[in-house]
Structure formats: C-alpha cells, structure tokens
Amino acid sequence: MHDGVARHKRAAAAHEGATARHEQAARFWADRGDEERADLERRNAEIERAAAELERDRAALARSNPRPERAE
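Throughout, the working numbering is defined as the position within the sequence shown, counted from one, plus 16.
Hints listed in this document are in silico derivations from the structure and should not be mistaken for laboratory results.
Glycine included, C-beta positions come from ideal geometry on N, C-alpha and C.
Careful, some of the hints might be misleading.
[What the hints assert, rightly or not] No farther apart than 20 angstroms at their CA atoms in a straight line, the calculated lysine to aspartate or glutamate pairs in the DMTMM-like style are these:
| id | residue 1 | residue 2 |
| --- | --- | --- |
| 1 | Lys25 | Asp73 |
| 2 | Lys25 | Glu71 |
| 3 | Lys25 | Glu62 |
| 4 | Lys25 | Glu69 |
| 5 | Lys25 | Glu64 |
[Unchecked claim] Computed spacing ranges between beta-carbons, pair by pair:
| id | residue 1 | residue 2 | range |
| --- | --- | --- | --- |
| 6 | Asp50 | Asp19 | 39 to 45 angstroms |
| 7 | His18 | Glu69 | 39 to 45 angstroms |
| 8 | Asp19 | Leu70 | 42 to 48 angstroms |
| 9 | Arg65 | Gly20 | 19 to 25 angstroms |
| 10 | Asp55 | Ala76 | 30 to 36 angstroms |
| 11 | Leu77 | Ala30 | 30 to 36 angstroms |
| 12 | Leu70 | Arg43 | 41 to 47 angstroms |
| 13 | Pro82 | Gln40 | 35 to 41 angstroms |
| 14 | Glu62 | His18 | 28 to 34 angstroms |
| 15 | Gly20 | Arg53 | 36 to 42 angstroms |
Sequences and hints are given; from them, build the entire structure.
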C-alpha cells in the first residue's frame, strides 16, 4: 500500500476512535442529566466523524491518483 494511503487510513482510524470516545462521553453526561455537556460531546463526535470521512477520501484519492513522494 502506498505510504500516503496508509497514512490517511491510520488518520481515519484515529478519528473513528475519537468519535467513539466522544459518543461514550455524551452518554456519560446524558446519564447524569447534563445535556449541555452531552451535546458538546455529540458535536465533537460529528466533527471527528467528518474528519474520518475526509481522511478516507484522501486515501481514495492517493490510491487512484498517486503522486511522487516529496523530498524532505
């Protein structure tokens, strides 16, 4: 797998993990009756979910249209 593809797949997985943690935190706060904090965690989960989707899209682009690696 192209390094760029792998990098974006790892990033997507990290965002998916963050999504799960924010969803868990939202349940925690909702169970305690703190809907304001629960809502913030739900919003964070949506942001992380979108970031994961963006990274999957980047991986797909890198897979379908590889570009030369940058020199560092």
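Status of the hints after comparison with the structure:
| no. | hint | in the structure |
| --- | --- | --- |
| 1 | Lys25 with Asp73 | 10 angstroms, holds |
| 2 | Lys25 with Glu71 | 7 angstroms, holds |
| 3 | Lys25 with Glu62 | 18 angstroms, holds |
| 4 | Lys25 with Glu69 | 10 angstroms, holds |
| 5 | Lys25 with Glu64 | 14 angstroms, holds |
| 6 | Asp50 with Asp19: 39 to 45 angstroms | 43 angstroms, holds |
| 7 | His18 with Glu69: 39 to 45 angstroms | 20 angstroms, violated |
| 8 | Asp19 with Leu70: 42 to 48 angstroms | 18 angstroms, violated |
| 9 | Arg65 with Gly20: 19 to 25 angstroms | 22 angstroms, holds |
| 10 | Asp55 with Ala76: 30 to 36 angstroms | 32 angstroms, holds |
| 11 | Leu77 with Ala30: 30 to 36 angstroms | 19 angstroms, violated |
| 12 | Leu70 with Arg43: 41 to 47 angstroms | 25 angstroms, violated |
| 13 | Pro82 with Gln40: 35 to 41 angstroms | 37 angstroms, holds |
| 14 | Glu62 with His18: 28 to 34 angstroms | 29 angstroms, holds |
| 15 | Gly20 with Arg53: 36 to 42 angstroms | 37 angstroms, holds |
Checked against the numbered hints above, the structure violates hints 7, 8, 11, 12; every other hint is satisfied.
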